[in-house]
Amino acid sequence: MSSSAKVIAGLIIFLCLITFPVWYNVVGGKASYTPELKIISEEKSCVESKEFMRIEHMQLLDDWRNSVVRKNNRTYIAHNGKEHNMSLTDTCLKCHSNKTEFCDQCHNYLEVTPTCWNCHIVPEENKL
Amino acid sequence: MGLWFSLFSIVILVLLVVGGVEVFSWDSLFGVLIPYAAFVIFLIGIIYRVGKWAKTPVPFRIPTTCGQHKSHPWIKANNLESPYNSLGVIGRMALEVLFFRSLFRNTRVELMDGPRLVYGGTKWLWAAGLAFHWSFLFIVIRHLRFFTEPVPFFVNLLEGMDGLFEISVPTFYLTDIVIISAVTYLFLRRVVIPQLRYISLAADYFPLFLILSIAITGVLMRHFYKVDILSVKELATGLSTLNPVTPEGVGLLFYIHLFLVSILLMYLPFSKLMHMGGVFLSPTRNMANNNRMVRHVNPWNYPVKVHTYEEYEDDFRVKMKNAGLPVEKE
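Just so you know, the protein sequences line up as chains A and B, in that order.
Using this note's numbering, read the first sequence as starting at 950 and increasing by one per residue.
Using this note's numbering, read the second sequence as starting at -7 and increasing by one per residue.
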């Protein structure tokens, strides 16, 4: 009798743990949230295509940093042959100066903590 | 034999997804239906197996012990090695589940020159097993960032620990490296050690290959052939809020990963991986060694019908009196 109570208690604990995402989202009530990126730029296109930037931007920024800091090479030749200045502040943030409405949208949503701002100053708009 | 069968099974499973997603674009089958079905089978399977074990009668207490049994107060009892109360059982079980204490005692017999028989400890299986299980747990918890919104604080904490060294962008997780090395070791020991190879079956190789493929596809998706994790999270939260969606262009690699995880979930309750629940239901581990303190009644003891002398006398009192036999009750 007491052993079956223990087994049922164990199973209930297991079910609670395994269904954590389900009830956590119900309790939190924010799971339907999807990030919205606001682009406030005059430019028609980014340095690379939207699809490329979407999945490879962190790699690109890392390559840029290595190129600038270690090789003193600031010229980036994009896949379409166009030349760009490798600079987070002067190139990226020129268009995407709205960190909270652009960068943070996906980064917060996916719990990503980029190390950009360890060295770089957070753009003006974020200062309070 | 079992090795090749398992390897080809994995290849066929992967080809199934490639065909299904690339040729027929059955995105909702692989992204929604199979994961849901797998999860339901997983839950029902676990409950079924645990229920079946729980219903099995245990005729007497059979804890395995390797410490001093509790007896006289002046003999020091070892509650962890020979638990005499629930606290001891819980303590021993916790150490078993969290640190695989009994596997730590794994020994090997070797015949040295002389001839001399030598018993030595071997900790490799224990170390690789522990590394593998803990990494797996960390990885599962880390994946909550895809299934929950807002992401709970402990997921972030764990990610910070896991990506401590910030190697490459995105950060290499230490657990990814550990799990792949540990599973590779667990596989190689089955192939390299002849005795182990002899006793290894498809049921041993298949879970190893399955978990290794899951880990490898995961690492590939994160570092080499990146997928759009925004869509991944949309799909994952869709699943966890019972409001499934299949966003465009999630990527084939993701579907392979998800399908293999679904296979793992479905396979788990009906395979040796069920040791996940079984460890808690092992009579040799979950009972206290208190045979001399507590009476343990065999649950299948047949209720024997007895006819006492008093009842006998009640039945035959008159006849006994008439025959002049002494009776206890008048």
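Calculated directly from the structure, the hints in this document are not laboratory data.
Heads up, the beta-carbon is just placed ideally off N, CA and C, and yes, glycines get one too.
Each hint should be verified, as a subset may be incorrect.
Stated by the list, open to error - Computed cross-link-like contacts, BS3-like style, restricted to lysine-lysine with a CA-CA straight-line distance of at most 25 Å: (1) A/999 <-> B/44; (2) A/955 <-> A/1031; (3) A/1048 <-> B/218; (4) B/44 <-> B/218; (5) A/1043 <-> A/993; (6) A/987 <-> B/218; (7) B/115 <-> B/264; (8) B/264 <-> A/955; (9) A/955 <-> B/47; (10) A/1031 <-> A/1043; (11) A/955 <-> B/297; (12) B/297 <-> B/264.
To be verified - Residues from chain B shown here face chain A by an in silico Cβ test under 7 Å; the list is partial: (13) 140; (14) 162; (15) 300; (16) 303.
Cross-check of the supplied hints:
1. Using a Cα cut-off of 25 Å, the hinted pair residue 999 of chain A and residue 44 of chain B is violated, with the two alpha carbons roughly 54 Å apart.
2. With a C-alpha separation of about 68 Å, the suggested pair residue 955 of chain A and residue 1031 of chain A falls outside the 25 Å cut-off, and the hint is violated.
3. With a CA separation close to 23 Å, the supplied pair residue 1048 of chain A and residue 218 of chain B stays within the 25 Å bound.
4. For the proposed pair residue 44 of chain B and residue 218 of chain B, the alpha carbon gap of about 43 Å is over 25 Å, so the pair is violated.
5. Of the pairs offered as hints, the one joining residue 1043 of chain A and residue 993 of chain A holds, with about 13 Å between alpha carbons and a cut-off of 25 Å not exceeded.
6. For the proposed pair residue 987 of chain A and residue 218 of chain B, the alpha carbon gap of about 23 Å is at most 25 Å, so the pair holds.
7. Pair hint residue 115 of chain B plus residue 264 of chain B holds up; C-alpha atoms about 22 Å apart against a cutoff of 25 Å.
8. Under the criterion of a C-alpha separation no larger than 25 Å, the hint pairing residue 264 of chain B with residue 955 of chain A is consistent with the structure, at around 23 Å.
9. Distance hint between residue 955 of chain A and residue 47 of chain B is fulfilled; the C-alpha atoms sit about 12 Å from each other, no more than 25 Å.
10. Of the supplied pair hints, the one linking residue 1031 of chain A and residue 1043 of chain A holds, its CA atoms being roughly 17 Å apart against a limit of 25 Å.
11. Distance restraint check for residue 955 of chain A and residue 297 of chain B: the Cα-Cα separation of roughly 32 Å exceeds the 25 Å cut-off, and the hinted pair is therefore not satisfied.
12. Taking the CA atoms of residue 297 of chain B and residue 264 of chain B, the gap is near 43 Å; set against the 25 Å cutoff, the hint is violated.
13. This hint holds: residue 140 of chain B has a C-beta 5 Å from the nearest C-beta of chain A, less than the 7 Å allowed.
14. The beta carbon of residue 162 of chain B comes within 6 Å of a beta carbon in chain A, closer than 7 Å, and the hint placing it at the interface holds.
15. Taking 7 Å as the C-beta contact cut-off toward chain A, the hint placing residue 300 of chain B at the interface is violated, the least distance being around 28 Å.
16. A least Cβ separation of about 30 Å between residue 303 of chain B and chain A goes past the 7 Å threshold, and the interface hint is therefore violated.
Hint compliance for this structure: hints 1, 2, 4, 11, 12, 15, 16 are not met, and every other hint is.
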